[in-house]
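Enquirer: Dock chain H against chain G, hints included.
Protein chains: 2
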Amino acid sequence: MKCSVFIATSADGFIAKKDGSVDWLHTAGKPDADLGDDADMGFKPFMASIDCMIMGRKCMEMIHSMQLTEQQWPYGDTRIIVLSNTLTQLPAFPGKVELYSGDIKVLLKNLENQGHTHYVDGGTTIQGFINLELINQMTITRAPILLGEGIALFGKTKKDIRLEKCSAKRFKCSAKSLANDFIQEVFSVNYD
Amino acid sequence: MKCSVFIATSADGFIAKKDGSVDWLHTAGKPDADLGDDADMGFKPFMASIDCMIMGRKCMEMIHSMQLTEQQWPYGDTRIIVLSNTLTQLPAFPGKVELYSGDIKVLLKNLENQGHTHYVDGGTTIQGFINLELINQMTITRAPILLGEGIALFGKTKKDIRLEKCSAKRFKCSAKSLANDFIQEVFSVNYD
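Heads up: the protein sequence lines correspond to chains G and H, in order.
So the first sequence is numbered by this note's numbering: it starts at 139 and just counts up by one.
So the second sequence is numbered by this note's numbering: it starts at 139 and just counts up by one.
For the record, the hints were derived by calculation from the structure and aren't laboratory data.
Hints are not guaranteed to be accurate.
One copy or two, it doesn't matter: identical chains are merged, so the pair holds either way.
Distance condition first, Cα-Cα at most 20 Å in a straight line; then the derived SDA-like pairs of lysine to any residue [as the list claims (entries may be wrong)]:
| no. | residue 1 | residue 2 |
| --- | --- | --- |
| 1 | 303 | 170 |
| 2 | 303 | 278 |
| 3 | 155 | 265 |
| 4 | 307 | 275 |
| 5 | 297 | 158 |
With the rest of the complex left out, here is chain G (with noise of 0.2 Å):
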């Protein structure tokens, strides 16, 4: 069982505003750098690595909101399970996005023994996770503003949490171009 994050935050450590905007993710830094293979700051590569997404309630309304077209849906054929208690019935969504209400660590025992072998969670879900000690590795993407406040990634936790296996890197740029000023951290989580 390998569950992945793969989120953007600001420096400070939020995924959002307090209003759920992400709008800041798009012009902080060089939106204009040329990246070159890492244009996507590695989001295709990792997706191709996964082939099942958890996200909650608000993160799949947010994605919701952007009103995106089938071609610009983001997570191809990747089966989606959105984690609400609240809803009944899912928003009109391009491709596969199941409704999930019910205990985790089932859905995890039934996504396992339908052979997904990696599940990614996007979103404020994954401090409940972390809580259940269900990530396994983190990929952080740090955008470089400071909002000041607004939704943080990271929430209380049970205990204190190890990281181990810690990589950081910014993103190269072509000699033309300057980098783009995003930081991208990796690291495993260790709940012993």
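Expert: Just chain H now, with coordinates in the frame of chain G:
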């Protein structure tokens, strides 16, 4: 006028636990890793690049609680100014430690006139300095641990603040040793 920050945080952005303790900083990651010339994670080269240090009262009290001997004093002969509007005298300290209460911009102007060209601030006072647009460069060393709660490095800002010239690295280790899993980020602050 150039003010720099050189500080360690947890991966979730805390500089200390709620009670002010920083014990976790000394046990996070792999404290026994052989980092060679980077054993102090850049502290000495950084201190050599500055000639005056400004810190808040809480930061000074935390250092005082360590009951360091003159031999253990980490700041050498660097001039240290402690900001406090409540203290009238400082606890006994080795080295050159001064107390200041009053306007920060006046202090910095005086320091500049005295020939100081580079200052550093440690502790939560950083938040006030950022809102006065006085921090130009930050080096943040992220310990591989999630604390869940504590005293945050960053706080509310008057506006979004852009970061530039961002870089990140993990510390190289010798062939015989694993990395210590700390990550160091450096960036400039642009208040425009």
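Enquirer: Are any of the numbered hints broken by this structure? If so, which, sorted upward?
Expert: none
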